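So the sequences go chain by chain: A and B. The opening position of the first sequence corresponds to residue 0 in numbering that gives the first Met the number 0, with each subsequent residue numbered one higher. The opening position of the second sequence corresponds to residue 0 in numbering that gives the first Met the number 0, with each subsequent residue numbered one higher.
Everything labelled a hint here was simulated from the structure, so no lab data went into it. Treat the hints with care, as some may be off.
Below, simulated BS3-like cross-link-like pairs (lysine-lysine); rule was C-alpha separation at most 25 angstroms, straight line [stated by the list, open to error]: (1) A:Lys-607 to B:Lys-267; (2) B:Lys-607 to A:Lys-267; (3) A:Lys-279 to A:Lys-267; (4) A:Lys-279 to A:Lys-293; (5) A:Lys-40 to A:Lys-267; (6) B:Lys-527 to A:Lys-527; (7) B:Lys-279 to B:Lys-471; (8) B:Lys-2 to B:Lys-440; (9) A:Lys-267 to B:Lys-527; (10) A:Lys-527 to A:Lys-627.
Which chain A residues face chain B? A few, computed with CB under 10 angstroms, are given here [said to hold, decoys possible]: (11) Gln-81; (12) Thr-86; (13) Asp-88; (14) Arg-228; (15) Asp-233; (16) Phe-415; (17) Tyr-554; (18) Thr-556; (19) His-562; (20) Ser-599.
Predicted model only: the values in this text are computed from it and were never measured. By construction, the Cβ of each residue, glycine as well, lies at the ideal position given by its N, Cα and C atoms.
2 protein chains.
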Amino acid sequence: MEKKYTQGGFTLPGEAGYEQLTLALARKWGADVIRDSDGTKLSPEIVEAGYSIYSTICIIRQHNAFAAQHPDSQQQTFLCSQPVVATGDTLIIEPMQGFFAEQFELNDSAEALPYWQVYDRTTNTVVPLERWTYSGSRVVISQCTPWHEYTVSFLAWRIWEEINMYNHTTNAWTSEHLRQLDPRHPAAWEYLQQWLEDWCVQNPATNVVRLTSLFYNFVWIFGDDLRNRHTFVDWASYDFTVSPAALRAFEAEYGYALTAEDFINQRKLQVTHMPPTRAKRDYMTFIQRFVAEKAKVLVDIIHKHGKLAYVFYDDSWVGMEPYGKHFTSIGFDGLIKCVFSGFECRLCANVDVPTHELRFHPYLFPVGLGSLPTFSEGGNPSRDALLYWRNVRRALLRQPVDRIGLGGYLSLTLPFPDFHDTIESMAIEFRRIREMHAHGKPLTAKCRVAVVHTWGSLRSWTLSGHFHETDKHALIHINEALSGLPVDVRYLSFEDVENGALGDVDVVINAGCTGDAWSGGDAWQSAKLVAELTRFVHEGGVFIGVKEPSAIGGYHTHFRMAHVLGIDLDTGARVCHGRWQYDVEEAPFAIAPTVLGSDSRLYLTDGKASVLCEGNGAPQMTLNRFGKGFGVYMSDFRVTPESTRMLLEMLLHLTGVAPADVYMSDLACVETAFYPADNTLVAVNNAEEETSTVIHTPKGEISLTLAPMETRIMPL
Amino acid sequence: MEKKYTQGGFTLPGEAGYEQLTLALARKWGADVIRDSDGTKLSPEIVEAGYSIYSTICIIRQHNAFAAQHPDSQQQTFLCSQPVVATGDTLIIEPMQGFFAEQFELNDSAEALPYWQVYDRTTNTVVPLERWTYSGSRVVISQCTPWHEYTVSFLAWRIWEEINMYNHTTNAWTSEHLRQLDPRHPAAWEYLQQWLEDWCVQNPATNVVRLTSLFYNFVWIFGDDLRNRHTFVDWASYDFTVSPAALRAFEAEYGYALTAEDFINQRKLQVTHMPPTRAKRDYMTFIQRFVAEKAKVLVDIIHKHGKLAYVFYDDSWVGMEPYGKHFTSIGFDGLIKCVFSGFECRLCANVDVPTHELRFHPYLFPVGLGSLPTFSEGGNPSRDALLYWRNVRRALLRQPVDRIGLGGYLSLTLPFPDFHDTIESMAIEFRRIREMHAHGKPLTAKCRVAVVHTWGSLRSWTLSGHFHETDKHALIHINEALSGLPVDVRYLSFEDVENGALGDVDVVINAGCTGDAWSGGDAWQSAKLVAELTRFVHEGGVFIGVKEPSAIGGYHTHFRMAHVLGIDLDTGARVCHGRWQYDVEEAPFAIAPTVLGSDSRLYLTDGKASVLCEGNGAPQMTLNRFGKGFGVYMSDFRVTPESTRMLLEMLLHLTGVAPADVYMSDLACVETAFYPADNTLVAVNNAEEETSTVIHTPKGEISLTLAPMETRIMPL
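Excised from the complex, chain A in its bound form (with noise of 0.2 angstroms):
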């Protein structure tokens, strides 16, 4: 084979003490670079084998030292206690308990202590400075109103950095508990540029810097009771980069400050799946431009010693969001994003940055998600990656990357020399379809799809996490979806479509639940949106919605967009109204009833829209025509093989083009991608059995048998 197939392109994780093994898997699997990883180190042998070499470092977390010496640099979050009743007119809190006491410590400093807030959570009012004093790690509250709720609202420090956490706490970790410095500390920053600038000097080898990631963790909220462990997770939201100095710094800029509670948020927070008020939007745009400025010199500290700066794309990395504003500003040379899921591949793919890397799964380690064994007994490493594979290379096919790689202990693979040739051959695949990438474009369909939530391109692809962490939102299964299809794919905030975005747009999918980000929540209120998207279906264009699509209270409907799509939900004012009977009809296209929901709380409009599938003794998907459009109703969506396929053959029906003109197979397991510059045809069976298809080409039809799980790569 030729050596740009085998050869390039591909991220080891070397590992010292097993020096032979690094350099065989290095040229078997083509890598071009080797890296470290969490708790592996090279060795001189590795680092000087001829290969690039990544090193990772985790810029806030390796100074325990530092924050010894000065406690008051690292990083806190706004916590908020239990609710207590008052049973009487004074109520004492202690405002820690219930919060692990291994993560947080209360920060009852002269700064931070005017950033405390005593409320009455039953009228929702705060209570006055003057009837709550704080001593000796409790609260006391007078003057309150008998059988009321309180809570108070405080400043901690996390003195646990949370990765670093949940790997002790999850693996049994005996060593040191890592902190975190929080840059807004002028010591800390000085202290952490410097840092940099000797790590480099010291590091000649590295070419490549990897950072691992920025300054600012998701939220990670650990409980003291182990039945409540895991009190809250957000991988998109910022509370943990908030600090009086932060505070200060957006008052001073914003002209009004914030309070605890524009965090607390009446003990909810501010969840990213959730539409953020205008006090968290200015507060983002603060933190994203305080994290770029900050990254942007640790680069320029980088490239002056003459290396690359990529970063992973996980972790520490609130305010960075690749499609953020100010991302490009900070000027990194790659984006590392781990994958599992094909969405991932197409979040990276599209990123404005020189060089984009997926770091497969599984990780080398001995356990993977939800704790099953991968690289140990009773593990299956090899069918592991050939599944995640699966899922990635559909998203591969419809846009490339530039690199792939691994992670972990390499060590660990010696036991499955299976393992060892599934990613040879998986490399081999990369670098084809990469190539062909390369010619050109692959065929995609005059049909141009528009995500619609509150986030728009901020959020391109991804909620806020992996899957399998927002897996409960129909969303992330309609965008797995997606992530494979010849159709073009983008993402737009409501803003942007009241603001012409539906120009170039064929069909716009809004796939959420009342008041969330995705559906939209408040911003249904704007009647010009709803105008806007009702000329756009009445002119031709397709509306998509799914589970409860612009969905708000007030209105004559809970959807606003009934309309359009036919069908509304009765949110109880209902229940004395009829409701239309139906048949339901045969589609024009595949449908998969299974992953359809089963509320009975939907009924017919107007009686005109067609019912396609029924659940509940409801209709649980609807097509219904609109002048010269169509709304389509989806009572949930969850991505199988059968949704995916229902949803490509929705899409091109509507918009007008047949299966042969991106080249459909007929069965649900078979994708295929075209690449008119090569004239080659990609067949791949997401089967793990032997399958044989018809491809349906606009020059006839092609048969075809594929082998379990097989990339067909064929020059027509």
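Given chain A's structure and the hints, the job is docking chain B onto it.
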């Protein structure tokens, strides 16, 4: 058997042409009254046989000639057109489109048109009068905002009395459509009084005038499309009382004007299951007073002629709610309630009126509920009667009524002699139970239950119709279960609770869905309400929340009583919050898991509540100690023998009553009542099989075997 058990308190429907049958069954069933029914007449032979005679009249609907001469004396309603999307700046709407033209006729009179309203439903704003015109059954709206939805709200004449319309369309009658007069119309009112006067003179043999019922029907809107025939039905709504005259009188009295939108309410109408607006409350009071005033005039006429006036509590009963403030002022001599269920028996029994009568089911008609055969081939009316009797019997054991009876065509019973026997023994049982009540009240546990909802005592026992019409609501299931339990039951409004009504209450039940009248909706904004209930439980009370109790948005918990219940519902904002793990614990009382829900959104607030049942990965029933009292949560409640038993055991356990104190049996299907004055225990077998059970009494256990459905009356 003593005559007191075989004779009296029974109303028989007579039928001309079947004189022998009528008199034979009168003897067999021990009737003291013979009545006519809708569709039947009594012959002189029957009338002169020495029985009391009830005559049925529907005061507002037997006057088509008058209605033809005075079309403006007919009743009206507000309707709202289908919403229509403007595709340009002019829009034409035909308001009547979609409504049943045999029921409604546009009222475009000079006095009606000012009440019409054109709405932009996209912005929730009224379109100014100068922007629309009306002619030829069409409204033309100009200067529309393109892509907005518009509706026309308008007044319509109701030209077909709804009960007649229902019977007509259901049974394919061909007779003349009956119209209905509005007593607010001065000429109609004069006419109706004179008509009643004349009727009394012409019917000297009538002892009791049975009014079916008063003036205004519950709301029943038919659509012209058979797929949407039953467009709207609300058994307690007030739309059918409206007219320009009523609106003018309201404005004069209340100092503010009602608009169409006060009724139309974004096309949702003001359904009884939702909390009323202030305007609706005022309007209800206004109508209740009007109905009572006019009804009193009619009752006075009846009394003047030496007859009694009974009212049938169904059909045109809007405004005469028997628990309303003005009902007793009418001066009715009796209230007749048709019953399928136990709660209807209690509803009737508790009304402040001299005579309470139940009309049993099945009605003597060929088909019954759900169009199933009763007195026709395939029917089993004897069993039907027994099953309804089973529902009613347990309520009759708790609270007596004075009379029972039947309605319909007696001749239809001829092929069903077992029905004759069933009614005979049922009547005897009724009289025996009634006699025990006359000697003294049955034993009731010191367990005083208050069901708390928006309507309070106005809607004691009922929601707004028969069981099968409201059975989506958990509360009707609870009411039905309670109707036969040996506990004290009352119905309180939230205002009652705030004003101290819990002083002599042990248990509060709140059962409904977010925003509905039964849960309470905006009532839960009241911190005073929350505090009072919190105090109540903390000091030893029990709060039972079912489905979405005390639910409202905008606070730190969705259930305002979450601190008492120990459980709350996540409406989306808590998707990133971990949930307390729990073990399912054994309950201190019987659990009926199948009647609970499966709501995955439920979570424990602080991990302290005992989880008694789980479903869909979440707690579905919890028990939480709070102060000296308890909070109990159930995610749903459906009435079954097992769930009824669960409720009873729970109530007794949490209020410290021993099962033996209330003579509880050891089987859910056997219920009991103990009458101290007669020292008599009654045990009823609700099963259709022979059942052996043990009854726990203060003096030891009683073992007995009951025949299927048996009522065993045992002096101890």
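Task: Structure versus earlier hints, numbers of those that do not hold, lowest first - done: 5, 6, 13, 16
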